[in-house]
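Listed below, chain by chain, are the residues.
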Amino acid sequence: MTDTASKRGQTEVWITGIGLATSLGEGLDANWTALQEKRINVDEKGFAPYIVHPLMPVSFDAQIPKKGDQRQMEAWQRIGTYAAGLALDSAGIKGNKDILSKIDMVVAAGGGERDLNVDTGVLTAEAKGANAPGFLNERLMSDLRPTLFLAQLSNLLAGNIAIVHGLGGTSRTFMGEEVAGADAARIALSRIASGESDIALVGGSHNGERKDLLVLYEFGDFNLKDKFAPVWARKDHPGFALGSAGAFLVLESKAHAEARGAKPFAKLSSVVADLARRKQAGDMAATLEQLWAKLPKREGKGAIITGATGAEPATSEERGFLKAHADFPVRSTGTMFGHTMETQFPLGIALAALSISRGALFPPNDSTGTEIEMQGTPTQIVVVGAGHWRGEGMALVEAVS
Amino acid sequence: MTAPRDKLGRPVVVVTGMGIMTSLGAGKADNWAKLVAGESGIRTITRFPVDGLKTTMAGTVDFVSVDPFSSTGLSERMAELVTQEALEQAGIGAKADFPGPLFLAVAPVEVEWPQRRELGRAVGKPDFTYDDLLRISGGGKYSAYHHRFMFGSVAAHLAETFGTKGSPISLSTACASGATSIQLGVEAIRRGETDAALCVATDGTVNPEAMVRFSLLSALSTQNDPPQAASRPFSKNRDGFVMAEGAGALVLESYEAATARGAKILGVIAGCGELTDSFHRTRSSPDGKPIIGCMNKTLADAGMTPDQIDHINAHGTATPENDKMEYNTTSAVFGELLQKIPVTSNKSMVGHTISAAGAVEAIFSLLTLEHQRIPPTINYDTPDPTILFDVVGNKARDARVTAVMSNSFGFGGQNASLILTREPA
Chain A
1 MTDTASKRGQ TEVWITGIGL ATSLGEGLDA NWTALQEKRI NVDEKGFAPY IVHPLMPVSF
61 DAQIPKKGDQ RQMEAWQRIG TYAAGLALDS AGIKGNKDIL SKIDMVVAAG GGERDLNVDT
121 GVLTAEAKGA NAPGFLNERL MSDLRPTLFL AQLSNLLAGN IAIVHGLGGT SRTFMGEEVA
181 GADAARIALS RIASGESDIA LVGGSHNGER KDLLVLYEFG DFNLKDKFAP VWARKDHPGF
241 ALGSAGAFLV LESKAHAEAR GAKPFAKLSS VVADLARRKQ AGDMAATLEQ LWAKLPKREG
301 KGAIITGATG AEPATSEERG FLKAHADFPV RSTGTMFGHT METQFPLGIA LAALSISRGA
361 LFPPNDSTGT EIEMQGTPTQ IVVVGAGHWR GEGMALVEAV S
Chain B
1 MTAPRDKLGR PVVVVTGMGI MTSLGAGKAD NWAKLVAGES GIRTITRFPV DGLKTTMAGT
61 VDFVSVDPFS STGLSERMAE LVTQEALEQA GIGAKADFPG PLFLAVAPVE VEWPQRRELG
121 RAVGKPDFTY DDLLRISGGG KYSAYHHRFM FGSVAAHLAE TFGTKGSPIS LSTACASGAT
181 SIQLGVEAIR RGETDAALCV ATDGTVNPEA MVRFSLLSAL STQNDPPQAA SRPFSKNRDG
241 FVMAEGAGAL VLESYEAATA RGAKILGVIA GCGELTDSFH RTRSSPDGKP IIGCMNKTLA
301 DAGMTPDQID HINAHGTATP ENDKMEYNTT SAVFGELLQK IPVTSNKSMV GHTISAAGAV
361 EAIFSLLTLE HQRIPPTINY DTPDPTILFD VVGNKARDAR VTAVMSNSFG FGGQNASLIL
421 TREPA
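Chain order of the listed sequences is A and B.
Following my numbering, the numbering of the first sequence begins with 1 at its first residue and continues without gaps.
Following my numbering, the numbering of the second sequence begins with 1 at its first residue and continues without gaps.
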């Protein structure tokens, strides 16, 4: 197990900026209002029988002023670059060259956005008998846009953020589906807590409106089909509905934040992650229990925000784990935002910090009784992220005392 | 007696095991012998048809069998083999029980053409849309492709095989990925989170679409005949890099832990540095400041001054832009001292192993320190008169080498440098 709990002598790490562009809207107020109103944005027709949570349209010009920059990206990168800009705005450091020239970046990313017309064109031509040895080469040489490659490279989300917003510190991109988001937060936190870094931009973005991704997850029968239901109500009809979202956080040492007069949403006290073997029933739940035990002691008013996917058997295992901690009210981001893969964990941290700063957990949206009302102000929220196939992460977000 | 901590009070990080595979062969002994003999691993591609491609050669690893074949499968198999070699040398932990985390540099994973074509054939009609492909993807027939083409699949396989601890990290910083994997391991040990880390970098992505992608960016050499002469770092007639496959693995340990268990120390990772260039997606800032800053940061991290570096293992891709930019920035950092620093590019022989390059070249740098012999830069017959490096041209050179700087630069503004030494400072 790897963990980054705050240790004695280590600095406190604050969340001083949050940027959200999701299927519910852009910015903190729009997302918070939609959560209060239990509004869910799903498209049941555009990708039928598959269900996706489409991005609420945003004006990309507001954060990516140059059209040339926008053209060099595919949707997932535009969403992320946009949300990263919102996070920098939220932290009050947008355009602050002194800080941006040293800010460290850890991004959780997928990649590989395809040109579906090119792929289909090659395959149908082959189905019609095109079988010359160099056919694929020639078609790709003539049909692929040179800039598409840059939209497929995982680290080019970070690259675009650096270019558009002028970041000049370190830049690391982690891959590996859901847990990549937890690992990004874990490494950024440990670097700041140990004094290796003062301030970091952490997050990810995902475009769920992609048929090439639906194919990939359909290979494993993971897509939610036909009818939307909250994550906890999918047991007999399992699967995840891909979601589009960008979620970025500015993490900062307390001293660095105080020196520039920045106010925290909350503090990020700990991030832990592991790789359960998931060979037998109970393996994943056992790993979640171990991670839970590694988090610093929870004595305040607690809650859990989970990125449970709705895929089985992972979600049933997680439900078992949650039952053992039934005194913690639970909220599922998968129900409200869809499954945003690498972005789900940073999104969970963002919503935990937002809930703490607004003095209330957002309301439940579930018919099965897994999510219950919470009275009062949460001071400690555990973010849970168990991947649909592998990887488990957990974080503790706390009110700044 | 050497202090277990560096000048900045952090644990000294040493290397106790290394494994390597390139188009030259498997293992340190074979690779080193061929490298100092000036052999090239670049050959005409036979894995798939090259008709219609501008570039028809690469540094492929054809001696490792993977069935069913995929680029990700090859990356995984190479990573496994080099890790085995590194662990055998290090003699650390128990079988399938490595006492630390895994940091894996790996190419972004995606569904590949053989699998896509299989799906296309399965539709069973000549006219179809992408929706038809989607409709037949489920039902369990292709579940193995889901598992194969998860980004985290290679790291998970290594973590399970070798018993690394915690959540394994898969990372990409493009052509700097290998260096980044080492940097993450160094940082984890310096923070005191672990006494050991396994840093692996692998790339087996010589496939038609990858070749086309780099061709469309005009990044590849087209000097196909003879293939061995295509990669010409620092030459006037260089025209691009040569794609290649390979993998490298390093076992890193704190000096204290390594000496406590009596491990043989192969070298020291004295410094790491990284600095993002926000100028352009594929080009360096014309003033070179981010690269200069990266090298200076690395020197500062090692607590060293430019006069203490006596060899540079260059990024040296042989693209017209890279080599010129690398010379200009290196000379800005080293000034007059540069005349006395031999420089070489391993890519002249093994090609550009992309995600693996930073680790592959770190291992070659450590072997250079061990053997006190600098591998040549081959195909160096027409020096570029504007690149005034002391290039170790065509023949290996015996030299006193105590500290090597190894540089890696990648798309997306990724710059990373390492300083490797023989003994703790």
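Check before you lean on any hint, since a few could be wrong.
Computed beta-carbon distance windows for the label pairs [to be verified]:
1) B:305 x A:97: 24 to 32 Å
2) A:30 x B:402: 54 to 62 Å
3) B:381 x A:67: 43 to 51 Å
4) A:375 x B:117: 52 to 60 Å
5) A:233 x B:49: 17 to 25 Å
6) A:135 x B:160: 36 to 44 Å
7) A:30 x B:46: 41 to 49 Å
8) A:65 x B:286: 37 to 45 Å
With a straight-line Cα cutoff of 25 Å, these simulated BS3-like cross-link-like pairs (lysine-lysine) come out [as the list claims (entries may be wrong)]:
9) A:102 x B:289
10) B:395 x A:66
11) A:211 x B:95
12) B:7 x B:324
13) B:264 x B:324
14) A:102 x B:7
15) A:97 x B:324
16) A:45 x A:235
17) B:141 x A:279
18) A:235 x B:324
19) A:254 x A:38
20) A:225 x B:141
21) B:95 x A:102
22) B:297 x A:227
23) B:289 x A:211
24) A:128 x B:125
25) A:279 x B:95
26) B:395 x A:94
27) B:95 x A:97
Hint data in this document are derived by calculation from the structure and do not stem from the laboratory.
The structure displayed is predicted, hence computed values, not measured ones.
Backbone N, C-alpha and C fix where the C-beta goes; we use that ideal spot for every residue, glycine too.
Hint-by-hint comparison with the structure:
no. : hint                      : in the structure
1   : B:305 x A:97: 24 to 32 Å  : holds, 28 Å
2   : A:30 x B:402: 54 to 62 Å  : holds, 59 Å
3   : B:381 x A:67: 43 to 51 Å  : holds, 46 Å
4   : A:375 x B:117: 52 to 60 Å : holds, 58 Å
5   : A:233 x B:49: 17 to 25 Å  : violated, 51 Å
6   : A:135 x B:160: 36 to 44 Å : holds, 39 Å
7   : A:30 x B:46: 41 to 49 Å   : violated, 56 Å
8   : A:65 x B:286: 37 to 45 Å  : violated, 22 Å
9   : A:102 x B:289             : holds, 14 Å
10  : B:395 x A:66              : violated, 49 Å
11  : A:211 x B:95              : violated, 42 Å
12  : B:7 x B:324               : violated, 34 Å
13  : B:264 x B:324             : violated, 39 Å
14  : A:102 x B:7               : holds, 23 Å
15  : A:97 x B:324              : violated, 28 Å
16  : A:45 x A:235              : holds, 22 Å
17  : B:141 x A:279             : holds, 21 Å
18  : A:235 x B:324             : violated, 60 Å
19  : A:254 x A:38              : violated, 34 Å
20  : A:225 x B:141             : holds, 18 Å
21  : B:95 x A:102              : violated, 42 Å
22  : B:297 x A:227             : violated, 54 Å
23  : B:289 x A:211             : violated, 41 Å
24  : A:128 x B:125             : holds, 9 Å
25  : A:279 x B:95              : holds, 20 Å
26  : B:395 x A:94              : violated, 52 Å
27  : B:95 x A:97               : violated, 50 Å
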